[in-house]
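These protein sequences, in sequence, are chains A and B. Taking our numbering, the leading residue of the first sequence gets 3, the next gets one more, and so forth. Taking our numbering, the leading residue of the second sequence gets 411, the next gets one more, and so forth.
Because the hints were derived from the structure by calculation, they are not lab data. Treat the hints loosely; a few may be bogus.
Pairs of lysine to any residue, SDA-like flavour, derived with a Cα cap of 25 Å [unchecked claim]:
{"id": "1", "chain 1": "B", "residue 1": "LYS412", "chain 2": "A", "residue 2": "LYS139"}
{"id": "2", "chain 1": "A", "residue 1": "LYS134", "chain 2": "A", "residue 2": "ARG159"}
{"id": "3", "chain 1": "A", "residue 1": "LYS19", "chain 2": "B", "residue 2": "PHE822"}
{"id": "4", "chain 1": "B", "residue 1": "LYS509", "chain 2": "B", "residue 2": "ASP533"}
{"id": "5", "chain 1": "A", "residue 1": "LYS59", "chain 2": "B", "residue 2": "VAL437"}
{"id": "6", "chain 1": "A", "residue 1": "LYS59", "chain 2": "B", "residue 2": "ARG820"}
{"id": "7", "chain 1": "A", "residue 1": "LYS216", "chain 2": "A", "residue 2": "ARG99"}
{"id": "8", "chain 1": "B", "residue 1": "LYS412", "chain 2": "A", "residue 2": "ALA234"}
{"id": "9", "chain 1": "A", "residue 1": "LYS59", "chain 2": "B", "residue 2": "HIS672"}
{"id": "10", "chain 1": "A", "residue 1": "LYS19", "chain 2": "B", "residue 2": "ARG735"}
{"id": "11", "chain 1": "A", "residue 1": "LYS139", "chain 2": "B", "residue 2": "ASN428"}
{"id": "12", "chain 1": "A", "residue 1": "LYS134", "chain 2": "B", "residue 2": "ASP659"}
{"id": "13", "chain 1": "A", "residue 1": "LYS59", "chain 2": "B", "residue 2": "LYS509"}
{"id": "14", "chain 1": "A", "residue 1": "LYS139", "chain 2": "A", "residue 2": "ARG99"}
{"id": "15", "chain 1": "A", "residue 1": "LYS139", "chain 2": "B", "residue 2": "PRO663"}
{"id": "16", "chain 1": "A", "residue 1": "LYS59", "chain 2": "A", "residue 2": "ASP16"}
{"id": "17", "chain 1": "A", "residue 1": "LYS59", "chain 2": "B", "residue 2": "ASP525"}
{"id": "18", "chain 1": "A", "residue 1": "LYS134", "chain 2": "B", "residue 2": "ARG820"}
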Amino acid sequence: MSIVEVRDLRKQYDPPKGVLAVDGVSFAIAEGEIFSLLGPNGAGKSTTISMLSCLLKPTGGDAVIGGHSIIRDPQAVKEIIGVVPQDVALYPDMSARENLLFWGRMYGLSGDGLKTRVDEVLELIALVDRQKDRIEKYSGGMKRRVNIGVALLHKPRVLYLDEPTVGIDPQSRRSILDGILALRDQGMTILYTTHYMAEAQELSDRIGIVDHGKMIALGTHEELVRIVGEQARVAARVDRDLDGMVARWRETPGVEQADLEGNEAILLTEDADEVLPRLFEAAAAAGSRITEINVSEPNLEMVFLHLTGRALRE
Amino acid sequence: MKKIAAIAWKDVRSTVRNVPALVMMLVAPLALAALLGFAFGGGASFEIAATKVAVANGDTGSPGSPTAAGCMVAGLLESPDLSDVLRVRRVADAAAARKAVDDGDVAVAVVIPADFSRVVFGDDPDATSEVELYENPTSEIGGSIVEGVVGQVLADLNGARAAAAGAVALRSDRAGDPPAARVAAAAAETFSRGGGTASALRITQRAPRVGKTENEVSVTGAVLAGMMVFFMFFGAANVARTILTEDRDGTLPRLFTTPTRHGTIIAGKFVSVFLTVLLQAVVLLIAGRLIFGIHWGRIDAVALLTLAAAGVAGGLALLIISFTRNAAQAGAVGSGIYLVLALLGGNFTGTAQTSGVFAVVQRLTPNGWLIRGWDATLRGGGAGDIRWQLLVTLGFAAAFFVLAVLRMRRRFA
């Protein structure tokens, strides 16, 4: 049973000639599922979240959240969603507790119920001891935790998280990812956007890969990796004439694809063990020396490269 | 309603915690009022511009007298020695003189009666004549200057009448001319008998707006009223700008993702602006009373004027915010607008200028009406005396508010 159904969603700024930020995106999310939208910056992830949050009006299509259309019944949609924006959106001159109390009132909570829920959320985000400190005194990770806590106050059925781990330390990131998995275990449905392949892979039940406003692939991690078959990804750097080496490696037996990305060559191969010696030989024959080489097993980044010809981080 | 209160309370609390904003809203107007008050002598009223005076000389003269006494009064007012403080023009009659005051063309009208010379040069010891001063109560020291000049002339004429009466009395008692010393003594006795209110020639004063209860306005009070109005606009702008800073910082969009209607959020912002400015005004009024001993006036007029000022300051601040893209732009544009309005409205000059183009321009600004309202209130006027100032100010507030709401509804749709 889908709690989120997105149908041919479109957003064009300043139509008819403006930027088409989201171009006919469709997907569905089952109740209790973590669904990730994976794509590079500017792919249309945040615009999609903004439309599903009823912040932006779509120029086409619709989405139904918990049975309510984002176009016809946005107020009802807002009752059941929690939104964690990409940037921390809190009042820095107020404490964590004051922020949570204020946002709780905006979600319609009041009285003892509000105070009890704020206490619970403070426990959840592990900030009971620092609850009276102003947000401006918090570390980036602590701010992110409060940012998430605000969206949990009214116990939403669907939680949107728009790149919640950008710019924070590994320890805080770990804490946030563990918290998201715990929420899923409690039955919450989660829509997560990221451009970090590892996060999408670790968290998601299913992943939608977006690029230039379009959904270019959708499925479980295993289903998506199958798109590129069993290919391994080899990233190599040489001390001279990288362009020439990429051309030579493209002709090397066992190399199925070779592209230049910045100052390194990206190669796809079915059997890395067999191909690696040939790459060194070809380099030596060309008078070049390989200075760095990395081999990766098939993953989402390779899927994106395979589908778009570009690396995910570009 | 709870959500509106929550948003308003959050903003008011943020402003109270913002020390630079508090300095601008409270300390700056008090410091400026103190400085200007001390510079101009604290409690004394003062006048900078020449006071405009209309003279209606109805004196028809006296049979056998070579000069009409009314011409002496008018001539003295027009003398070059007084040209730096009085600018006098003649008008046809008393009605025209009073109308000039009512229209704001002049600050004071001097009406010399038809029987003036007959009383001065006549031989009836019981006859009296009154020169009328019809004065705009909002003119500061100009009325006092005119009163002093006219009063001096009337005192001299009363003295001359007394001397003449004394000499006549002495001659009738004895034959021959009496010695000068005895004439002087008799004149003094006659003058003192008829002095004060019993003098033949007297001044009557009338004010068209605020009656006999009007108070002396202290410089500090007038300056603080002007500064308070000026800084209330800045205070309102400071709070209203949070709409733009919240938009930039993402909290406004986040508010829009909660099940809170846009109208509720905007209403909460409006209430916070109004309450903050109201709080600012109340603190300044209390501080003015406690620190400078300012008697602000009757409570009904003070309360209504303060509410109207908070309303118009809030409305204008929100209107400016609704048309600007970011907080920096709003700050720059708003400061310019507030400064121009303050200069045109008389926040820095008070209501000394009551006529001419400047007076007309003053009436085109909410500041001008508020300053006039405060001037009348400081002089003891009640709510009825400032009804026009209140109505016009509230009209400005309503217009600003409606335009701001329409603009914001489009902007944040």
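Here is how each hint holds up against the structure:
With a C-alpha separation of about 29 Å, the suggested pairing of LYS412 of chain B with LYS139 of chain A is violated against the 25 Å cut-off. Proximity of LYS134 of chain A to ARG159 of chain A is assessed by CA-CA distance (about 29 Å); at most 25 Å being required, the pair is judged violated. For the hint pairing LYS19 of chain A with PHE822 of chain B, the CA-to-CA distance comes to about 23 Å; that is within 25 Å, so the pair holds. Proposed proximity of LYS509 of chain B and ASP533 of chain B is contradicted: the alpha carbons are some 35 Å apart, above 25 Å.
Taking the CA atoms of LYS59 of chain A and VAL437 of chain B, the gap is near 46 Å; set against the 25 Å cutoff, the hint is violated. Between LYS59 of chain A and ARG820 of chain B, the direct Cα distance comes to roughly 14 Å. Compliance with the 25 Å bound is thereby established for this hinted pair. Using a Cα cut-off of 25 Å, the hinted pair LYS216 of chain A and ARG99 of chain A is violated, with the two alpha carbons roughly 40 Å apart. For the hint pairing LYS412 of chain B with ALA234 of chain A, the CA-to-CA distance comes to about 59 Å; that exceeds 25 Å, so the pair is violated.
Our distance criterion of 25 Å between C-alpha atoms is met by LYS59 of chain A and HIS672 of chain B, whose separation comes to about 14 Å. With a CA separation close to 23 Å, the supplied pair LYS19 of chain A and ARG735 of chain B stays within the 25 Å bound. For the proposed pair LYS139 of chain A and ASN428 of chain B, the alpha carbon gap of about 16 Å is at most 25 Å, so the pair holds. For the given pair, LYS134 of chain A sits about 22 Å from ASP659 of chain B by alpha-carbon distance, which is consistent with the 25 Å threshold.
Restraint check for LYS59 of chain A and LYS509 of chain B: the C-alpha separation of about 62 Å exceeds 25 Å, so the hint is violated. Using a Cα cut-off of 25 Å, the hinted pair LYS139 of chain A and ARG99 of chain A holds, with the two alpha carbons roughly 14 Å apart. Between the alpha carbons of LYS139 of chain A and PRO663 of chain B the distance comes to roughly 23 Å, so the proposed pair stays at or under 25 Å and holds. For the given pair, LYS59 of chain A sits about 12 Å from ASP16 of chain A by alpha-carbon distance, which is consistent with the 25 Å threshold.
A hinted pair counts as satisfied when its Cα atoms are at most 25 Å apart, and LYS59 of chain A with ASP525 of chain B does not qualify at roughly 84 Å. Of the pairs offered as hints, the one joining LYS134 of chain A and ARG820 of chain B is violated, with about 38 Å between alpha carbons and a cut-off of 25 Å exceeded.
Taken one by one, the earlier hints fail for this structure at numbers 1, 2, 4, 5, 7, 8, 13, 17, 18, listed in ascending order.
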